[in-house]
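Novice: Going by UniProt numbering, the residue at position 7 of the sequence shown is 7; the numbering climbs one at a time, nothing skipped.
Careful, some of the hints might be misleading.
[To be verified] Ranges between beta-carbon positions, derived for each pair: (1) ALA110 / GLU249: 31 to 37 Å; (2) ASP56 / ALA99: 52 to 58 Å; (3) ASP56 / GLU249: 43 to 49 Å; (4) PHE219 / ILE38: 38 to 44 Å; (5) PRO109 / THR223: 49 to 55 Å; (6) ASP146 / ALA286: 27 to 33 Å; (7) LYS24 / GLN245: 20 to 26 Å; (8) GLY258 / ARG290: 17 to 23 Å; (9) SER250 / PHE219: 18 to 24 Å.
Since the hints were derived computationally from the structure, they do not count as laboratory data.
All C-beta atoms in this analysis are idealised placements derived from N, C-alpha and C, irrespective of residue type, glycine included.
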Amino acid sequence: MHDKSGVLVIELIEGFLTARATRKPSPHTQAAYRRDLIGVATLAAELTTPPLPLADLRIDALSPGLLRTAFAGFAADRAAASVGRAWSTWNSFFTFLVAEQVVPGNPMPAVGRPRMPLPQPKPLRGEDTPEQLLASAARGEGRQRDPWPERDVAVLALALCAGLRLSELLALRVGSLSGRPGERRVEVAGKGGRPRVLPVEPGLDEVLSAYLDSRVRRFGTRTVRPDSPLLVDRQGEPLRRGGLQYLVESCYRRAGIGDRVPRGARLHALRHTFATRLAEDGAGAAEIMRLLGHASLASSQTYIEVTAGAQREAVRANRTNRALVGLLRAAVG
C-alpha cells in the first residue's frame with residue numbers, strides 16, 4: 001500500500017463526494033454531506049497546533065482525540081439529529097478511506113454520538129382528512145388562475161397511496177409506470193440509491209391516467225414520452241422542490257385542513273398517513289419497510305407491532321386507495 005497519510009483532507013472529501021455521486025443522491029443530500037464534512041474538518045484544522053487553514057489539513061492529523069474535540073465544538077450549537085447525521089457522514093467517509101487504503105482504520109467508533117429516538121410518525125390528523133383533501137383537490141376549489149385538478153389529485157394520491165418522498169416524486173418519469181391493467185406498478189428511485197417497485201391499485205391507476213390524459217390535452221403527446229418527468233407545473237415544465245411544496249401547501253389551504261397538518265411535516269405528513277393507515281388496516285412491519293423503502297426494520301416498527309399479508313394486499317387495504325375510485329368523474333359530474 002502506498003503511503004497516503006499526507007494527502008490533504010479537502011482532496012479526500014472531494015473524492016468521497018464524487019464516489020457517492022454514483023449512487024445518485026439528491027442534491028439536497030449531497031449538499032448535506034459536504035456541509036458536515038467541511039464543518040467538522042474546519043474545526044479540526046483550527047484545533048491543530050499551530051492552527052491551520054482547512055486547505056492545509058492532512059488526513060494523518062485527524063487523530064481520534066482531535067476528532068472528538070472537533071465534534072464537541074460542532075455539537076455545541078446544533079441539535080442532536082444534526083450531530084448524529086454528521087457522525088454518520090464522517091463514519092461513511094472513513095469507511096471509504098479504509099477501502100481506498102488511504103488510512104489503516106476508522107477512528108469514528110472512538111468519537112461519541114448522541115442517542116436519538118426514532119422519529120415518530122406525523123400523519124394528517126382526523127379520520128377523514130385524507131378523503132377531504134382529495135375531494136377538495138378534485139373539485140379544483142379555491143381561487144386558482146389555472147386550475148388543474150387532475151394534476152393536483154395525482155400528486156396527493158402518489159404520496160397518500162404509494163408513500164413517496166418529495167425527492168422520489170420529483171424523480172419519477174412517465175416511464176416509471178408500467179404493467180397491464182390490474183397489475184400496474186411504479187418504479188421508484190429510493191433514498192440512498194435503493195430502488196423499489198410499488199403496486200399501483202386501480203384507484204391510483206385511474207387518477208394517474210386521468211392526469212396524463214389532461215396533460216396531453218394541455219401540452220400535446222410529445223410531453224408524455226417515457227423519459228419525460230411525470231410531474232410538471234402549469235407551464236409543462238418539470239416540477240421543482242419548491243413548486244411541489246407550494247402545490248401541497250395550497251391544497252391544504254384550499255381544503256381548509258391546515259390545522260390538521262403536523263408542524264414540520266407538510267408533504268411528509270402524506271407519506272406518514274400512508275404508513276399509518278397501512279398499520280391500522282393490518283399491514284406488517286416488513287411490508288411497510290419494503291413499501292416505504294426504509295433501510296431498517298426499526299424505522300417501520302414505529303408504525304406497527306403486528307404482522308400482516310403481502311405488499312399488494314397491504315396497499316389494497318388502504319382506505320385512501322378506495323376513495324380514489326371514480327373521484328375525478330364524480331367531481332366533473
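Novice: Taking the hints in turn, state whether each one holds.
Specialist: Hint by hint, here is what the structure shows:
1. ALA110 / GLU249: 31 to 37 Å: Violated - the Cβ-Cβ distance for ALA110 and GLU249, about 44 Å, lies outside 31 to 37 Å.
2. ASP56 / ALA99: 52 to 58 Å: violated (25 Å)
3. ASP56 / GLU249: 43 to 49 Å: Holds, since ASP56 and GLU249 (Cβ atoms, about 46 Å apart) stay within the stated range.
4. PHE219 / ILE38: 38 to 44 Å: Since the Cβ atoms of PHE219 and ILE38 sit about 42 Å apart, the hinted range of 38 to 44 Å holds.
5. PRO109 / THR223: 49 to 55 Å: holds (52 Å)
6. ASP146 / ALA286: 27 to 33 Å: violated (43 Å)
7. LYS24 / GLN245: 20 to 26 Å: Once the Cβ atoms are compared, 21 Å apart, the range 20 to 26 Å for GLN245 and LYS24 holds.
8. GLY258 / ARG290: 17 to 23 Å: At roughly 32 Å between Cβ atoms, ARG290 and GLY258 fall outside 17 to 23 Å, so the hint is violated.
9. SER250 / PHE219: 18 to 24 Å: Given a distance of about 21 Å, which is inside 18 to 24 Å, the answer is holds.
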